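2 protein chains.
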Amino acid sequence: MKILVDAMGGDFAPLEPIKGCLAAKAADPQLSLALIGKKDAIESCAKEHGLSLEGFEIIHAENVITMEDPPLSVRSKPDTSLRVGFELLAKKEADAFVSAGSTGAVQVGATLFVKRLPGVKRAAIGTIVALSCPVLILDCGANTTYNEDIFVQYAIMGSLYMQIVCGIEKPRVGLLNIGTEDHKGTDEHVKSYKALSALDGIHFVGNVEASAVANGVCDVLVTDGFAGNVLLKSMEGMSKFLLKNVKQTLNSNLKTKIGGLLIKKDLYGMKKKFDASEYGGAPLLGISAPVIKAHGNSNAYAIKNAIFQARQIVQGDTVSKIALAVKEFSEKTKAIEETKQG
Amino acid sequence: MKILVDAMGGDFAPLEPIKGCLAAKAADPQLSLALIGKKDAIESCAKEHGLSLEGFEIIHAENVITMEDPPLSVRSKPDTSLRVGFELLAKKEADAFVSAGSTGAVQVGATLFVKRLPGVKRAAIGTIVALSCPVLILDCGANTTYNEDIFVQYAIMGSLYMQIVCGIEKPRVGLLNIGTEDHKGTDEHVKSYKALSALDGIHFVGNVEASAVANGVCDVLVTDGFAGNVLLKSMEGMSKFLLKNVKQTLNSNLKTKIGGLLIKKDLYGMKKKFDASEYGGAPLLGISAPVIKAHGNSNAYAIKNAIFQARQIVQGDTVSKIALAVKEFSEKTKAIEETKQG
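Listed in order, the protein sequences are those of chains A and B. Per the numbering used here, residue 9 is the first one in the first sequence, and the count goes up by one each step. Per the numbering used here, residue 9 is the first one in the second sequence, and the count goes up by one each step.
No lab work stands behind these hints: they were computed from the structure. Nothing here was measured: the structure is a model prediction, and the numbers come from that model. One should not assume that every hint holds.
A pair counts as met if it fits within one copy or between any two copies, since identical chains are not told apart.
As the list claims (entries may be wrong) - No farther apart than 25 Å at their CA atoms in a straight line, the calculated lysine to any residue pairs in the SDA-like style are these:
hint	residue 1	residue 2
1	K10	E101
2	K33	E286
3	K192	L120
4	K192	N305
5	K248	T188
6	K85	T188
7	K85	K192
8	K27	K47
9	K47	K279
10	K202	N155
11	K281	S338
12	K202	T152
13	K248	S260
14	K248	S140
15	K199	S296
16	K33	E101
17	K255	M75
18	K199	A150
19	K202	E76
20	K46	A203
21	K248	E156
22	K192	G112
23	K123	L96
24	K178	S52
25	K129	Y309
Chain A with its partners taken away, still in its complex shape (with noise of 0.2 Å):
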């Protein structure tokens, strides 16, 4: 298995995809691993750092798309890292590409070069979140336009993501609302609502309110990529912001201080818990060949699960599986209407 790694995206590039990649091969000897971007930059790098590349294919590639490059330069920009990737991807010359660069540009790379699968609708963006237990929250991408198809698709290759790479028998999809009632949200939303319940196969637990998705009430959370994007970053936002607060409360006086030094450890272990570098990064779900995009932050720790996510995707021939299931509801859906009609 052949797995290309982006060594130009991310905050922390080449150094973190470098030392990812020696985390991922010292794990996992077998792994055949290529770093894509500028040689002189990877090599000079691995150098300085005292990092060796044996055993790592190098692929040049001349250019870098930037967090401030719009999306479509991934078209417009020759030679970039990213565009190598996908292009080695969609040539079938490899099995899975992780980047942690810009999502945007991951999101319409893969698209533009890779493809998505015949049938689907629109690739999407999962995140996984761990909280009471690991959440995929798809889509997490750009996309603010939804309606009960997008939707019903997401269910299908969500639901498969998390019992093939995840190992959830029966995962329990949600559908992301204002209120846990078969009425609530816009008409898509209801309509949507209709769809998943009908779905054959899908475990559906209904309408999931923003409040319980810590509580691990679902393991597929099914949204558009506004609604997505909100939930996702003010779980952030507020986590960063109350352990801040609970600091700066330990060190406010001595007996706190005091206490805090007792309780350090294990609050630490707690945070831990809730990593979703765990995880891996973001999966394309939708598109013809498996690609992970890590967290522009990701650190050495996160490339390597997201490599070995990638090769857990493979393994599982998760892409193949969900191509089968957007056929074979795409053709029942067609022989019901057609049915009705005839």
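Assemble chain B onto chain A, guided by the hints.
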């Protein structure tokens, strides 16, 4: 000044509304307060708890809108405490109305019976979260559609509210979005960004991501009801989840238990600092008389604060000022359009 209080609204009615009125009256004996609800229920509850109703007007209403009743039952169900309150407010027999009843019914009832101010396209429910600073988030109702005209009115109304009621000289207005750049979000968000930037007398600070809300980057946050609901509930859910886990961590072994004892008081103080019930309930902005929706789980303290919030709204002549600002803005917009056409 006469303020109406729904004695039957909320999870702890009529006891907490009665106690809230007593607390408000004790702090401000000049205040004229009327409790609306089933007279015998109010009186027997007061008697049972040894509370005196002397000095309060009791306005009888035979029925109650429960949390199970749909919002429109405020019109169909006769003689409910909510409806009686709205009708008295509409007839100007009182200056403000406070209810901890069903949000939907309060919003529908206020619009049906008290009516929107001339030119107001949609009344907004504002919710205050008190983290780094109090932030008024509006709309937090059930409205899921939006456009630039609605968002501009939210900005005008919210800005005046924070000026008059919270004493913020130049409230910073933000637009909830999935990125800070002006091209982010739906087409309506892009148009709203432009319209808000061009608004005279409003201190628009641009798009605000959900992660930044807790850090206090704005005083007024404009959003549609769907995203507002997701934002509020995820912040609420996340903070409950984290505090529960901190508590569990403190109870995990002898060392952390001792540490916990040392920091307990300060941690509780921290939690209390972020208690938004300090700021009362959710004001309905754009309605032609002051209506406050107190939280369903309001205790006496929250009801008292909602009453004082209503007093502040009345004293500050907030409704007239909002009416004037909306009128001036629509006249100005009309003049600009006529100039363009002419």
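Against the structure, the hints:
For the identical chains of this complex, K10 and E101 are intra-copy neighbours only, at 8 Å inside a copy versus 77 Å across copies, given an alpha-carbon limit of 25 Å. Proximity of K33 to E286 under the C-alpha cut-off of 25 Å is restricted to the intra-copy arrangement: shortest distance 17 Å within a copy versus 56 Å between copies. When the C-alpha separation of K192 and L120 is checked against a cutoff of 25 Å, the pair qualifies only between copies, where the shortest distance is 21 Å, while the shortest distance within a copy is 35 Å. In this assembly of identical chains, the alpha carbons of K192 and N305 lie at most 25 Å apart only when taken from different copies (22 Å versus 36 Å within one copy).
For the identical chains of this complex, K248 and T188 are inter-copy neighbours only, at 19 Å across copies versus 28 Å inside a copy, given an alpha-carbon limit of 25 Å. Proximity of K85 and T188 under a CA criterion of 25 Å is satisfied inter-copy only: 24 Å between copies versus 46 Å inside one chain copy. For the identical chains of this complex, K85 and K192 are inter-copy neighbours only, at 22 Å across copies versus 44 Å inside a copy, given an alpha-carbon limit of 25 Å. Taking the shortest alpha-carbon separations for K27 and K47, only the intra-copy value of 16 Å comes in at or below 25 Å, while the best inter-copy value is 73 Å.
When the C-alpha separation of K47 and K279 is checked against a cutoff of 25 Å, the pair qualifies neither within a copy, at 37 Å, nor between copies, at 52 Å. In the homo-oligomer, the alpha carbons of K202 and N155 lie at most 25 Å apart inside one protomer (12 Å), although the nearest pairing across protomers, at 27 Å, exceeds that limit. Taking the shortest Cα distances, K281 and S338 never come within 25 Å of each other, neither inside one copy (39 Å) nor across copies (53 Å). Proximity of K202 to T152 under the C-alpha cut-off of 25 Å is found in both arrangements, the shortest distances being 21 Å within a copy and 19 Å between copies.
Taking identical chains as interchangeable, the C-alpha atoms of K248 and S260 lie at most 25 Å apart whether they share a chain (18 Å) or sit on different chains (23 Å). Proximity of K248 to S140 under the C-alpha cut-off of 25 Å is found in both arrangements, the shortest distances being 18 Å within a copy and 12 Å between copies. For the homomeric pair K199 and S296, neither the shortest alpha-carbon distance inside one copy (28 Å) nor that between copies (35 Å) is at most 25 Å. Within a single copy, K33 and E101 get their C-alpha atoms as close as 19 Å, which meets the 25 Å cut-off; across copies the closest is 78 Å, which misses it.
Proximity of K255 and M75 under a CA criterion of 25 Å is satisfied in neither setting, with 31 Å inside one chain copy and 39 Å between copies. In the homo-oligomer, the alpha carbons of K199 and A150 lie at most 25 Å apart both inside one protomer (22 Å) and across protomers (17 Å), since each shortest distance falls under that limit. Proximity of K202 to E76 under the C-alpha cut-off of 25 Å is restricted to the inter-copy arrangement: shortest distance 21 Å between copies versus 41 Å within a copy. Taking the shortest alpha-carbon separations for K46 and A203, neither the intra-copy value of 48 Å nor the inter-copy value of 43 Å comes in at or below 25 Å.
In this homomeric assembly, K248 and E156 never come within 25 Å of each other (Cα to Cα): the closest approach is 34 Å inside a single copy and 32 Å across copies. Within a single copy, K192 and G112 get their C-alpha atoms only as close as 30 Å, which misses the 25 Å cut-off; across copies the closest is 12 Å, which meets it. In this assembly of identical chains, K123 and L96 lie within 25 Å of each other by CA distance solely inside one copy; the values are 13 Å within and 63 Å between copies. Proximity of K178 to S52 under the C-alpha cut-off of 25 Å is found in neither arrangement, the shortest distances being 48 Å within a copy and 52 Å between copies.
In this assembly of identical chains, K129 and Y309 lie within 25 Å of each other by CA distance neither inside one copy nor across copies; the values are 33 Å within and 52 Å between.
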